[in-house]
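Engineer: Now for the letters of each chain:
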Amino acid sequence: MSARRLRRLVGRAAFALLLAAIALYTLFPFYWAVVSSLKAGSALFTVEAFPARPAWDNYAAVFRDGPFARNILNSVVVAGSVVAISLALAVTAAFALGRVVFRGRGLMLSAILAVSMFPQVAVLAGLFELIRALGLYNSLGGLVLSYLIFTLPFTTWVLTTFMREMPLELEEAAVIDGATPWIVLTRIFLPLMGPAMVTTALLAFIAAWNEFLFALTFTLTDEMRTVPVAIALISGSSSFELPWGRIMAASVIVTVPLIALALVFQRRIVAGLTAGAVKG
Amino acid sequence: MVARARRGLSALALERRRAAWLFLLPMVVALLLVAGWPLARTIWLSFTDARLDDLAPPAFVGLLNYAFLAEDPEWWGAVRNTLVFAIVSVAIETVLGIVIALALDARMRGRGLMRAAMLVPWAIPTVVSAQMWGWMLHDQVGVVNEALLGLGLIAEPLAFTADPDLALWAVVAVDVWKTTPFMALLTLAALQLLPGELYEAAEIDGLGPVGRFFRITLPLIRPALMVAIIFRTLDALRVFDLMYVLTGGSAATASMSVYARRHLVEFQDVGYGSAAATGLFLVIAAATVLLVTLGRVRLGAGEPGR
Numbered sequence: 001m002s003a004r005r006l007r008r009l010v011g012r013a014a015f016a017l018l019l020a021a022i023a024l025y026t027l028f029p030f031y032w033a034v035v036s037s038l039k040a041g042s043a044l045f046t047v048e049a050f051p052a053r054p055a056w057d058n059y060a061a062v063f064r065d066g067p068f069a070r071n072i073l074n075s076v077v078v079a080g081s082v083v084a085i086s087l088a089l090a091v092t093a094a095f096a097l098g099r100v101v102f103r104g105r106g107l108m109l110s111a112i113l114a115v116s117m118f119p120q121v122a123v124l125a126g127l128f129e130l131i132r133a134l135g136l137y138n139s140l141g142g143l144v145l146s147y148l149i150f151t152l153p154f155t156t157w158v159l160t161t162f163m164r165e166m167p168l169e170l171e172e173a174a175v176i177d178g179a180t181p182w183i184v185l186t187r188i189f190l191p192l193m194g195p196a197m198v199t200t201a202l203l204a205f206i207a208a209w210n211e212f213l214f215a216l217t218f219t220l221t222d223e224m225r226t227v228p229v230a231i232a233l234i235s236g237s238s239s240f241e242l243p244w245g246r247i248m249a250a251s252v253i254v255t256v257p258l259i260a261l262a263l264v265f266q267r268r269i270v271a272g273l274t275a276g277a278v279k280g
Numbered sequence: 001m002v003a004r005a006r007r008g009l010s011a012l013a014l015e016r017r018r019a020a021w022l023f024l025l026p027m028v029v030a031l032l033l034v035a036g037w038p039l040a041r042t043i044w045l046s047f048t049d050a051r052l053d054d055l056a057p058p059a060f061v062g063l064l065n066y067a068f069l070a071e072d073p074e075w076w077g078a079v080r081n082t083l084v085f086a087i088v089s090v091a092i093e094t095v096l097g098i099v100i101a102l103a104l105d106a107r108m109r110g111r112g113l114m115r116a117a118m119l120v121p122w123a124i125p126t127v128v129s130a131q132m133w134g135w136m137l138h139d140q141v142g143v144v145n146e147a148l149l150g151l152g153l154i155a156e157p158l159a160f161t162a163d164p165d166l167a168l169w170a171v172v173a174v175d176v177w178k179t180t181p182f183m184a185l186l187t188l189a190a191l192q193l194l195p196g197e198l199y200e201a202a203e204i205d206g207l208g209p210v211g212r213f214f215r216i217t218l219p220l221i222r223p224a225l226m227v228a229i230i231f232r233t234l235d236a237l238r239v240f241d242l243m244y245v246l247t248g249g250s251a252a253t254a255s256m257s258v259y260a261r262r263h264l265v266e267f268q269d270v271g272y273g274s275a276a277a278t279g280l281f282l283v284i285a286a287a288t289v290l291l292v293t294l295g296r297v298r299l300g301a302g303e304p305g306r
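Protein sequences, first through last, are from chains P and W. Residue numbering for the first sequence is 1 to 280, as defined by my numbering. Residue numbering for the second sequence is 1 to 306, as defined by my numbering.
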């Protein structure tokens with residue numbers, strides 16, 4: 001009897017240890033970035049788990065030494081615009097794909113999924129040409145245009161999954177009353193789609209906020225860069241020693257809002273991720 | 001009476017179908033503009049000698065770019081790096097993701113907190129995670145070297161991101177950290193859909209926890225898991241940010257995307273870079289067909305209002 005209790009105790013301790021290891025693994029790198037960002041000067045090169053006197057020099061330097069505030073604004077404008085445009089285009093498409101049975105629907109869904117899996121490099125040359133022809137090189141408009149390639153299929157796909165889950169009875173009565181599909185969409189589905197739209201918008205926003213390849217290629221000057229490009233290209237006075245303190249400070253600044261969003265909308269994000277993938 | 005009702009319904013259905021196409025039109029036009037047209041142009045440019053710094057109309061050169069590509073050992077190095085990276089990272093992420101999901105599936109206090117912790121690496125931009133790990137893996141003052149030295153596992157600091165033998169594994173490590181939570185959350189969602197009675201029956205049959213996992217859990221979550229694996233693999237095959245930021249796209253780690261962009265943008269050789277990009281596109285298309293066939297995944301559409 002006591003041997004069994006001992007075994008259960010060891011089992012529980014091992015399980016607690018496993019959970020602690022998982023938490024340490026997922027959280028330590030970000031914790032270390034925060035700690036490092038608060039160390040100024042040579043303190044950075046000491047392995048100290050918690051800075052006794054946190055220094056904010058790195059944070060001041062990030063904003064002083066480059067147009068970082070402008071970069072943040074660029075990211076907000078680009079991600080916000082591309083999400084708004086994608087949602088507007090995707091919501092009608094999702095109604096058609098999720099609620100109407102028509103020939104070619106399966107093919108259309110496969111095509112949308114295929115586009116969302118596109119390697120971005122495969123369209124780089126063609127997009128570069130298009131963006132230059134439209135006079136959008138080194139402008140935020142060019143980024144909004146190019147980001148549609150991944151936000152549009154994604155929002156359409158996820159909204160279609162959410163649309164499909166709405167009960168059939170919802171629209172039956174309205175259809176019998178002679179409502180057009182437009183009325184059914186705008187008066188019945190849209191008011192109910194609120195949470196789904198928020199989830200989808202959030203996931204698309206994070207994807208656009210994190211994008212790197214297009215932002216690196218289609219912008220040229222520091223003022224037009226988005227946050228990921230700005231962080232990737234932070235360089236010090238000498239090419240041999242990177243200003244790690246500043247890089248960590250910039251990383252923390254752009255990550256904290258994202259983590260806050262992710263935590264606030266935790267349940268919705270998980271629902272959205274599974275709608276995008278599991279039920280595919 | 002019945003006939004009239006049926007005719008009325010089909011007129012209604014016809015109107016719905018017409019509306020459906022109208023509803024789809026703006027999205028389809030936008031996708032053709034930003035995806036279809038540029039892809040077609042890239043493929044066309046791969047058969048030409050187009051250059052970024054030369055505005056003269058490019059000349060058709062046939063398969064010349066592809067012939068050069070096939071002879072470039074650096075391209076084959078990039079193909080190898082990409083495939084090794086994708087296969088190893090996705091394999092580790094899948095196993096680790098399942099382990100974490102099983103741990104989080106247990107009924108316990110603080111499960112919400114653990115799930116929230118999972119979202120942290122997922123929400124961090126790839127560029128930022130590359131920089132964070134670049135700092136942790138620093139060859140002189142990095143915390144990972146300090147820890148390994150302190151534990152006596154290594155005699156002197158390792159240059160994780162510069163040493164050609166280690167750099168690709170450093171990239172894999174960062175990718176595993178960043179995307180395992182995605183796998184874990186998707187697996188957890190699939191686990192939570194499983195009916196509890198199954199396990200009660202298994203317990204009566206005397207299956208141990210390991211047998212229960214391989215005989216019951218794994219087959220049941222396989223469809224969801226396969227979809228997650230396909231998504232992750234296709235995502236890993238187009239990797240760019242990690243190599244570009246963590247190792248500066250060195251030859252030891254350069255992926256196909258890094259290689260294609262370097263020729264396209266830095267060397268301004270649009271024709272050749274497009275050929276490399278088209279090569280990557282073909283590899284991804286082949287991988288998709290292979291995975292969907294092997295995984296017997298049905299990527300179709302269900303009926304509305306299921």
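Worth double-checking, as some hints may not be accurate.
[What the hints assert, rightly or not] Covered, in the sense of this in silico footprint (three residues per stretch, anywhere, with C-beta under 8 Å from a C-beta of chain P), are these stretches of chain W:
#1 163 to 171
#2 280 to 289
[As the list claims (entries may be wrong)] What the simulated footprint calls covered on chain P by chain W, stretch by stretch (three residues with Cβ under 8 Å from a Cβ of chain W suffice, anywhere in the stretch; the number is not a length):
#3 15 to 22
#4 62 to 73
#5 192 to 203
Don't read these hints as lab results, they were simulated from the structure. Quantities reported herein were computed from a predicted structural model and do not represent experimental measurements. Quick reminder that beta carbons are idealized off the backbone N, C-alpha and C, glycines included.
Engineer: Confirm or reject each hint.
Structural biologist: Do the hints match the structure? See the list:
no., hint, result
1, 163 to 171, "violated (count 0)"
2, 280 to 289, "holds (count 4)"
3, 15 to 22, "holds (count 4)"
4, 62 to 73, "violated (count 0)"
5, 192 to 203, "violated (count 0)"
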